[in-house]
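Participant: Given only the sequences and the hints, what does the whole structure look like? Please build it.
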Amino acid sequence: MTLTYYLVLAAILFTIGAVGVLVRRNAIVVFMCVELMLNSVNLTLVTFARATGTIDGQIMAFFVMVVAAAEVVVGLAIIMSIYRTRRSASVDDANLLKY
Amino acid sequence: MTETLSGGETVVFWVLGPIALAGALGMVLSRNAIHSALWLVNTMLALGVFYVVQEAPFLGAVQIIVYTGAIMILFLFVLMLVGRDSSDSVVETLRGQRVAAIVLGLGFAALVGAGIARATQELTATGLDAVQGEQGNIAAIAESLFTDYLLAFEVTSALLITAAVGAMVLAHIEREPGSRQTQKELSRARFLTSEKPQTLPGPGVFARANSVAVPAILPDGTPSEASLATGIEPETPDQMPRPTGREQLGTPDAALGTLDPAPGGPAAGEWSTDR
Amino acid sequence: MSEVLPAEGLLGASWLLIALPLAGAAVLLLGGRRTDRWGHLLGTATVVAAFVLALLCTFQLAGLEERSADVDLFTFISTGDLDVRAGLLFDPLSAIFALLITGVGSLIHVYSIGYMAHDPARRRFFAYLNLFVAAMLLLVLGNSFVALYVGWEGVGLASYLLIAFWYTRPAAATAAKKAFIMNRVGDVGLALAIFLMFAQLGTTSYAGVFGGVGTLAGGTITAIGLLLLLGACGKSGQFPLQAWLPDAMEGPTPVSALIHAATMVTAGVYLIARSAPIYDLTETARTVVMAIGALTLLIGAIAGCAYDDIKKVLAYSTVSQIGYMFLAVGLGPAGYVAGLAHLLAHGFFKAGLFLGAGSVMHAMNDSVDMRRFGGLWKKLPVTFVTFGLGYLALIGFPFLSGYFTKDAIIEATFDRDDWLGWTTGGIAVLAAGLTAFYMTRLMLMTFFGRARWEEGVHPHESPSVMTAPMVVLAVGSVFSGALLVSIFPLSDWLEPVFGEPEEAAHVIAPATIGIALTVIMLLGVLAAWLFVGRREVPVTAPVRVSPVTRAARNALYADTINESLFMRPGQWLTRALVWVDNRGVDGAVNGLAATLGGSSSRLGRAQTGFVRTYALGMLGGAVLVAGALLAVTAG
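Chains as they are written, first to last, in full-length UniProt numbering: chain A, 1 to 99; chain B, 1 to 275; chain C, 1 to 635.
Everything labelled a hint here was simulated from the structure, so no lab data went into it. Careful: at least some of the hints might be erroneous.
Estimated spans, in silico, between C-beta atoms of each pair [unchecked claim]: (1) S600/C / R95/B: 20 to 30 Å; (2) S6/B / V67/A: 30 to 40 Å; (3) V67/A / G83/B: 27 to 37 Å; (4) R84/A / P197/B: 21 to 31 Å.
Calculated from the model, a selection of chain B residues having no Cβ within reach of chain C, i.e. all distances over 12 Å [as the list claims (entries may be wrong)]: (5) L16; (6) A109; (7) V112; (8) S194.
Backbone N, C-alpha and C fix where the C-beta goes; we use that ideal spot for every residue, glycine too.
Facilitator: This is how it looks when you write it as structure tokens:
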């Protein structure tokens, strides 16, 4: 077993998150999928930190977490306000900006 | 160091890896958003353990405390506020979207996985002992964070405060001063305008079960959809004796009701479940 | 041509000649209605002041040894090799024109005060008249062909504005357009001639061109001469561009008198006389000038016999008389002075005749139909006398101005003593008889015979502000010929320009020609008496007439020829081009636009508004990038 396994696992998790973004319509679930993608990237960062023997990867992962936290707060607030005005949390319902 | 990792780690990986994958798949596939959130918690916990195993105990702790603890709870709060609606439906409305997403996802996973496998075949785990030394992981992170990454750290604090303010602004509902209605006005408005001035029936009233998923039975024997919370999939109430109108009662024995469906009313279980 | 010297003294201020009327026009046009009350007085004052200044300048010029003054003003155009200095040339030739323009112009301005008294747009009229005087003075005073061209276009503009002065009348608007467009044809010739001069000689100033023209090839000189002649024909209403001039009579009568009789239409004669050093070198161009002059004077005389519109008759008479002038200047050195003398005399008597016609129209409620005149000599005595003197001068009554100047031209023509001289001279003599015929017809129909006035017409003599200029012009008509030929010979005055007049060897004795012309003139008068004066004039023109009369009434079908030769093919060409433009060019452009628009709207369908669709695109892109990276690293 090598570190490659971690990386491949991270890639698969990322892909699942991406597919989830594409197929789910509930904005909150879509958001969760985005979080999953961020987490898989964090796993990659931690793995590479270990592989290269530097702490910087972990620092990056730390920042990703912080930024994700901020993003979740704002994103959920946006979902809330959209829901209040449109009575829907579906990403397909917000489709007025089109041809 | 070594190319191959220790046996213990291998065991941990092969146990938690499938769990993480299952969590991810479960999140995408489950119909209920709350289930999705719980599946995601599952994956995140597994990843947290991976961090600890991979010489990042601080990040592992943060993952469990902040992600699975704080952020996912926030998700659940919002889910409670928003409730469930048609967006939970698993019917795909965009033609070809699901097929294309899966095909592209498989392609992406294959390409990236192949690329990673090719590039990191001989990847050795150098380990962090040289960097961390005696002081340990947290002190090493702190040292780097407060020296090399100090500016980024400070900027992040600004980002956080901005996000907090932004969330408040977005979630805040502006009301005109004095526009808040009193209880008297509210009840008057309800009685004047609403067709149904009384409170909504609670679930399970006169039903066989007390579950929130069982609709209330109205006096005429029909189930009341209004008694159900949004997002609850109603269960079919069992056959049960139902009270009938006073004029139909006749004898006191008859007042006990029958097992036959009420004359004229819809048969039990006939009412539409797809709302 | 004599050496030009920098101007000194009063001559240095000769630019004021142009500036004064120009300032008047500017004040009147920009001042708007505020200047309505005194605008006509200002307009007249500027022209009178210009006349006084021109007189003073001429006196000073007469005192100079070289009798030529060059006034350098400023750089007009400086680009590449072209360096045009704006400057004035005050020499005897421009002096007589300046005097004619400002003198006759002043009289006509005074006359217009009365004539236009009841017109609400009188201020605008005077503004345009001032503009015309300024442009005409620039035309004759400029010291280069470019300055002349600027003035040339300026008078064209003023002419257009004044013909269309009553622009609410469709006839006036059409006539103005016709005049403008036919003038453009001539102006193209002039412009090409100037281009040719610049291309060949690198300069457009008179001094430079006339100094260097001798070095050019004969063909080039002839080309320049013919192109200049085209310009002159357009401006002067000569064959084949004569058709606009009679129509231009739609303008107010003072305009007809000033622009379309006395001054502007003689600009072509001025151009040819000014370009004498060019024409002296090209026999071919001079022959063409003579032929055109002879042809035009005959056409004008024939057409003049048939019209019943008093102003049109005078207009064709103008065409005919300018034909005499062209004939004269086409003769070369022998004829320049004769042509210019006839020009000056014609300026007097034709302006007087037009003013008289204006006075008659004024009396007859603006009617121009001679068949509804008659017997006016008692009602309009002053007009009758002044008009009659102009008439006698025009038909060449002995010892009046036309007698001297026209005789001189015909003499000079016969003096050539070749087939061209004899032919054109014969035509000129014949046309002199015709002139006597149609002018006598005009006199008889207007002033004599029974009164055929329309209902409600009460003829009355014009106010003195109108008759005074007529009297002055009548006096000029009587004496100018004798003055210019005998007492103060024009040939002496113009000697610095055209050189020493050589004593011509007369083929026919002048006295013989004088007597012969008088006899021909009397025959014309007699014919008119027989055809018109003896009989009752019908109130409507007879319909059953001979083909000759019909042709004359249609001005020898000049308009028809123009239309069928130029207008119709032009229209066909235009239609064809429009068709090609609509179907071919527009089709291609519109097709391209439609293709792009259609494909755009079809591509726009990709913007469904669904975020997930866009995200799918992003994932697809990511797959492509990952695949590309892998392909590159693996390869």
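Participant: Could you work out which of the previously given hints the structure breaks and list their numbers from low to high?
Facilitator: Of the numbered hints, 6 and 7 do not hold.
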